[in-house]
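Using the working numbering, the letters of the sequence shown map in sequence onto residues 4 to 181.
Treat the hints with caution; some may be incorrect.
To be verified - The calculated lysine-lysine pairs, modelled on BS3-like cross-linking and capped at a C-alpha distance of 30 Å, are:
#	residue 1	residue 2
1	K141	K151
2	K175	K79
3	K6	K73
4	K56	K40
5	K141	K79
6	K175	K119
To be clear, the hints were calculated from the coordinates, so they are not data collected in a lab.
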Amino acid sequence: MAKITLAVSGSISVYKAADLTSQLTKLGHDVTVLMTKAATDFVTPLTFQTLSKNLVHTDLMLEENPASIKHIDLAKETDLLIIAPASANTIAKLANGMADNILTAIALAIPAGVPKLIAPAMNTNMYLNLATQDNLEKLSRYGYTEIKPREALLACGDFGTGALAEVEIILKKVKEIL
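Based on the sequences and whatever the hints tell you, model everything.
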């Protein structure tokens, strides 16, 4: 099966990324999880480590193996990159080529031709903001395929587009790509 890198950024929907990790692992994929600091404020890395059976990476500067440059080697090993949930902050960083955390550094180092999925999750106004839409358009030009958020009652109490796509929808897209 495929070597999937699941990059998780800060959003209340991080708990759904844990389910995605579990489902991908059950399908036989080798899942490596990356988490931003904000993501670890919602769910601990141990949850993802337990579900994926792999070390979870949270720190760009922590090199566990002195013979390896982690963000380059992990990028080279990736068959499919999934960023779910993708916060407005992470989307903006990726669209502008920033690499200041483990998620953005590995995303920037992914070799050309490796498929990249991005599943936004945020407040409706943040998602519909022209800056976010411009950033998503830019990412599309960079080879990212957006898995659109769904319309729902959001954690903030607003109703609108911004909820992370259902895990089944993400899994369907993964199957189409692989």
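Fill in: Restraint check for K175 with K79, where alpha carbons must lie at most 30 Å apart
This hinted pair holds, its Cα atoms lying about 24 Å apart.
Worksheet item: Within a Cα-Cα threshold of 30 Å, do K141 and K151 meet the stated pairing?
Response: holds, 15 Å
Practice prompt. Take the C-alpha atoms of K141 and K79, compute the straight-line distance between them, and say whether it is at most 30 Å.
Written response: Holds, at roughly 23 Å.
Discussion item. With the threshold set at 30 Å, check whether the alpha-carbon distance from K175 to K119 stays at or below it.
Written reply: holds, 14 Å
Discussion item. Hinted pair, alpha-carbon criterion (30 Å max): K56, K40. Please report holds or violated.
Written reply: Holds, at roughly 21 Å.
Worksheet item: Within 30 Å, alpha carbon to alpha carbon, are K6 and K73?
Response: With Cα atoms ~15 Å apart, K6 and K73 stay inside 30 Å; holds.
Hint check: no violations occur; every hint is consistent with the structure.
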